[in-house]
Amino acid sequence: MSVGVLALQGASAAHVAAFARLGVDAREVRAPRDLDGLSHLVLPGGESTTIHRLLELFGLRAPLVERFRSGDLRLFGVCAGAILLGRENGLRPPRLGLLDGDVERNAYGRQVDSFTRPLHAEVDGLGGLRGVFIRAPKLGALGDGVRVLARDGADPVLVEAPGVLAATFHPELSGSDAVHARFLAREVDHQPDALRVV
Amino acid sequence: MSEGRENGAARQDYELKVGLARMLAGGVILDVTTADEARIAEDAGAVAVMALERVPADIRREGGVARMAAVEKVAEIQAAVTIPVMAKARIGHFAEARVLEELKVDFVDESEVLTPADAEYHIDKHAFRVPFVCGARDLGEALRRIGEGAALIRTKGEAGTGDVVEGVRHLRRIRREMRELAAAPREELVTRAKVLGAPLHLVTEVWERGSLPVPNFAAGGVATPADAALVMALGAEAVFVGSGVFKSDDPARTAKAIVKATARFDDAGVLTEASRETGAAMAGLAVAELPEEARLAVRGW
Chain A
1 MSVGVLALQG ASAAHVAAFA RLGVDAREVR APRDLDGLSH LVLPGGESTT IHRLLELFGL
61 RAPLVERFRS GDLRLFGVCA GAILLGRENG LRPPRLGLLD GDVERNAYGR QVDSFTRPLH
121 AEVDGLGGLR GVFIRAPKLG ALGDGVRVLA RDGADPVLVE APGVLAATFH PELSGSDAVH
181 ARFLAREVDH QPDALRVV
Chain B
199 MSEGRENGAA RQDYELKVGL ARMLAGGVIL DVTTADEARI AEDAGAVAVM ALERVPADIR
259 REGGVARMAA VEKVAEIQAA VTIPVMAKAR IGHFAEARVL EELKVDFVDE SEVLTPADAE
319 YHIDKHAFRV PFVCGARDLG EALRRIGEGA ALIRTKGEAG TGDVVEGVRH LRRIRREMRE
379 LAAAPREELV TRAKVLGAPL HLVTEVWERG SLPVPNFAAG GVATPADAAL VMALGAEAVF
439 VGSGVFKSDD PARTAKAIVK ATARFDDAGV LTEASRETGA AMAGLAVAEL PEEARLAVRG
499 W
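Line by line, the protein sequences give chains A and B. Residues in the first sequence are numbered from 1 upward in steps of one, following this note's numbering. Residues in the second sequence are numbered from 199 upward in steps of one, following this note's numbering.
Pulled out of the complex, with its shape left as it was, chain B reads as follows (with noise of 0.2 Å):
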């Protein structure tokens, strides 16, 4: 096969990848440990669940290594539901998201949550045929992940919190930096891409569009249906939920009410519809209280 040729395949492959993420638009994607979890997500209308060993309150409350799911569990999941199925893998740790890949898990989600395998590097992701979301903080973390191959970036947040003032944080200040970036002339690109820590050609491309080149969600302490509809109507795209559904004290309920506020986020009378019926709220951390060494969106680089 020549260059060229395998390039326009990677360009098709990566084509595919973006393309699934554009399909999620507008929907919530829910943190499930179990087959039971991933069926009520799924018939609470989630467009996608997160397979993982244990919610982020969990990994958070009791310490230790959090690696990949459990390749039967993963596979447990997958055989429950008949929507995509997302799974995963520590920072850096390629060979975890290659057994992922195996599995055919619909998107690898490269992820601070669970403790990273690689102080310095991130998983080349354009070597892989599965699409990959990463967490960012801002605009250049984003673009850092994207040179890398993301597909979709989503917040960080600080997760298992249910504390949603860090998801906030990121998505204004990634919007707020598109927006200085989209105003410079462009004799300042290189500097600023020196600065933003991103590579050239993908912060010209944001400043030529004025968005990213990929989908962004919203993910990191959201646990009531008006916190989906804050971040929505900061920009998100979609909303990953982790604890906030399954630690709450009715998740079917939960769910269905996020997912309906994530849908009309924009309308008042919807929102306070899907507040009236959802579950009693997780308890929460409050992250202004959480020692630095606590923080999990710290993780990436």
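Same shape as in the complex, but just chain A (with noise of 0.2 Å):
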């Protein structure tokens, strides 16, 4: 296992502080040698718009979604990660298709309507998780294969299919390493046919 986190923009620190309180020792990734035997890679929160610039104009872009394609690397999208993976849709910033689901951006408003809420979780191990929402994104239809792990309210928050998992809050700012550890419990296990969408 390796892990690494996108360090072109964001919070990527934290990420790498959370791996770190797991005993792994994360890679930052700025270029595309970076992601040269990564098993494990996480989008973090930032601004959307600014981490697809960078990922294109430094030739990450394809790669990322090629190694994803063809099962050999985990994604985990945070944020303005998870709004990045979310399917296609004709909008700013445009996204790499790698989750089943509509990702939509800035659902709840500006940030004087970001918030904290407990949320719920529908699996084992990911009890009593705070979700800390900062101008967050929100899930829209997703996919047969798209499993809901949390939700605040009706509304899920963590989702997981093969190969990827989603959280439109940011698990590295709660308090708790639970969602990373979930990441990295799996080793790479997805069929990439099962994700194309059509």
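Please note that a few of the clues may not be correct.
Which bits of chain B does chain A cover? Going by a derived footprint, with three or more residues having C-beta under 8 Å, they are [unchecked claim]: (1) 244-258; (2) 302-312; (3) 408-422.
Derived by calculation from the structure, the hints in this document are not laboratory data. For glycine and all other residues, C-beta sits at the position ideal for the given N, C-alpha and C.
Combine the two chains into a complex, taking the hints into account.
Structure follows, in structure tokens:
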């Protein structure tokens, strides 16, 4: 297992710290060569338009998608990272289309509408999570292969599909490393064909 | 509501404010005065824009009282982009800050670039839901602002000059003072708080963690991709660029180049590419030649 955190723009340091608390030395990913040998990669919170622009500028978008589709890279998208993983919807920024679900940007409003709320877990091991939502996106329609792990009220906020985990809140700022532990607990296990959005 | 719950709610609000500041790390925040400039900034990859009436270089040149941007100007900029929109309020002018909060700007900059409204006191920033960023020249000033509720600190530098020397001085000073504090024995903390002019609980927090409790960005005089890379390498977590982009000869090119250099500040190859791709920088004013009364960084208490 080799864990990386995309560190072009955004709150990458908090993820590196979360992995360190779990005893894992995560590397920062800034260039295509940093993807070599990586099994797990976090796309952190930040500004999704900026991160997308930088992924393209530094030639990371194509190898990242290719590594994922070939089945040897597991991805965890947080907030802006979750937006980037979602289905292409014609809106900015362009999405990578690696999660079979709609992710709507700035869905709760502006910063004064940001909030913290306890979440409801739908699986064992994620009880008592606190959801820190900062200019957060919302998950819309989800494909059949996408499993909801936690909700805020009725809204899914943490979902999983083969090879991909996505959170609309910030587990790295919540005081619990349970979500990061779940990301690491499963070795690469996905079947990329099942994920292709038709 | 009990006092305990109120404290809990305030703590959560503060966590959300600092959280947004953390999301801006590695990014460039650009001063803009129109919706068109805001779109150029967003397209170039800026993480946020700062709405203001005039960029610092023009405030310096034209003089007069510099105030919060007009309400319709802020609203026009908010409508033009989807990235966070910040706006400046005068030091101590909590009524301007209330207007900006009502407009739902994402961050208020209580800024020395505008004409101060209060010659003794800053805004009680804990009283707001909107987060604040404030300028600082040294550790004591940074901790006073954090004590008042600032969720983000930026160096003051010397805005509107295109001369990075003051921003570098402030970054180095804050880091040096943190190193010295972290090395001090516990019995010195009260006296050090007195000398710094900073709240003891925050001095103790810096002593324990060896860093500020909020992010520290650079601002003031950044005009080129290499300037941005310099302040990032000196420990700034992101960069504010004021006059440097829209006073350059090709703002879109300059903005893209500064965004590129900031994201990969430690890679000389990328920095060289960015320096090749940038427009001609603003002419600039050497801070050493500025008379004392023309300096903006001395504003703030």
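Checked hints:
1. 244-258: holds (count 3)
2. 302-312: holds (count 4)
3. 408-422: violated (count 0)
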